[in-house]
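Going line by line, the protein sequences match chains L and U.
Per this note's numbering, the first sequence starts with residue 1, numbered consecutively.
Per this note's numbering, the second sequence starts with residue 1, numbered consecutively.
Check the hints yourself; a few may be wrong.
For chains that are exact copies, the list does not tell them apart, and a pair is met inside one copy or across any two.
Subject to a maximum C-alpha distance of 20 Å in a straight line, what follows is the list of computed DMTMM-like cross-link-like pairs (lysine to aspartate or glutamate) [unchecked claim]:
hint, residue 1, residue 2
1, Lys17, Glu27
2, Lys17, Asp6
3, Lys60, Glu27
4, Lys10, Glu89
5, Lys10, Glu71
6, Lys60, Asp6
7, Lys17, Glu37
Quick caveat, the hints were computed from the structure, so don't treat them as lab data.
What you are looking at is a predicted structure, and each value in this text was computed from that prediction instead of being measured.
Number of protein chains: 2
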Amino acid sequence: MSNFLDPVGKASFDAAKMTKADLARGEHLFLGLNCLEPGQSQPVHTHASADKFYLVVAGKARITTGGSTSEVGPGQVVWCPAGQPHGVEPVAEPTVLMIGMSPPPRP
Amino acid sequence: MSNFLDPVGKASFDAAKMTKADLARGEHLFLGLNCLEPGQSQPVHTHASADKFYLVVAGKARITTGGSTSEVGPGQVVWCPAGQPHGVEPVAEPTVLMIGMSPPPRP
Numbered sequence: 001m002s003n004f005l006d007p008v009g010k011a012s013f014d015a016a017k018m019t020k021a022d023l024a025r026g027e028h029l030f031l032g033l034n035c036l037e038p039g040q041s042q043p044v045h046t047h048a049s050a051d052k053f054y055l056v057v058a059g060k061a062r063i064t065t066g067g068s069t070s071e072v073g074p075g076q077v078v079w080c081p082a083g084q085p086h087g088v089e090p091v092a093e094p095t096v097l098m099i100g101m102s103p104p105p106r107p
Numbered sequence: 001m002s003n004f005l006d007p008v009g010k011a012s013f014d015a016a017k018m019t020k021a022d023l024a025r026g027e028h029l030f031l032g033l034n035c036l037e038p039g040q041s042q043p044v045h046t047h048a049s050a051d052k053f054y055l056v057v058a059g060k061a062r063i064t065t066g067g068s069t070s071e072v073g074p075g076q077v078v079w080c081p082a083g084q085p086h087g088v089e090p091v092a093e094p095t096v097l098m099i100g101m102s103p104p105p106r107p
């Protein structure tokens, strides 16, 4: 794997559901992509023991974290510390989110 | 601290040296900014026990990781797993890098 990553180039969509892809996986930190077609979403969920963030690579999303929901676009970051419920409402356009998680999820 | 972060809006520069700013700090994961004015750099260094990445928010940088150096621009990511030397050559334009590190560095 190259250490120089181009998230946009790794995006791929599936009409059936949100896709997930690995970008990088270390002992402590994981980087990946979530790609959503219009109408796709990620239900609110919680990682009890992992910190996570979303970074919008392309598109636009209404993301919930803790008790708040906000629309975010390219370059914006949503912080989801361990134990805090978070999720993505159905998107209106193709949307690519980079996510980081520590400790890494299981492969 | 809001959980909705705008890295661009948090950038601030110092003619004397590269600046560092916190974006978010959890038990497992830290997000921050490195802002470099033209001519500023970050010497090659190693975090023996922390995974790290750079994401270019604005500007352009030649970043080294492991044995390779590459010029990267907005949206590109450089992966620096624990133990791998990395650094930033003197930049030619104002450059904002988001960095993530796990475990977090000391405050």
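Verification of the supplied hints:
1. For the identical chains of this complex, Lys17 and Glu27 are neighbours neither inside a copy (28 Å) nor across copies (32 Å), given an alpha-carbon limit of 20 Å.
2. Taking the shortest Cα distances, Lys17 and Asp6 never come within 20 Å of each other, neither inside one copy (22 Å) nor across copies (28 Å).
3. For a Cα distance limit of 20 Å, the shortest separation of Lys60 from Glu27 qualifies neither inside one copy, at 31 Å, nor across copies, at 28 Å.
4. Taking identical chains as interchangeable, the C-alpha atoms of Lys10 and Glu89 are never at most 20 Å apart, the minima being 22 Å within one chain and 26 Å between chains.
5. In this assembly of identical chains, Lys10 and Glu71 lie within 20 Å of each other by CA distance solely across copies; the values are 19 Å between and 23 Å within a copy.
6. In the homo-oligomer, the alpha carbons of Lys60 and Asp6 lie at most 20 Å apart both inside one protomer (19 Å) and across protomers (14 Å), since each shortest distance falls under that limit.
7. Proximity of Lys17 and Glu37 under a CA criterion of 20 Å is satisfied intra-copy only: 8 Å inside one chain copy versus 43 Å between copies.
In the structure shown, a violation is registered for the earlier hints numbered 1, 2, 3 and 4, in ascending order.
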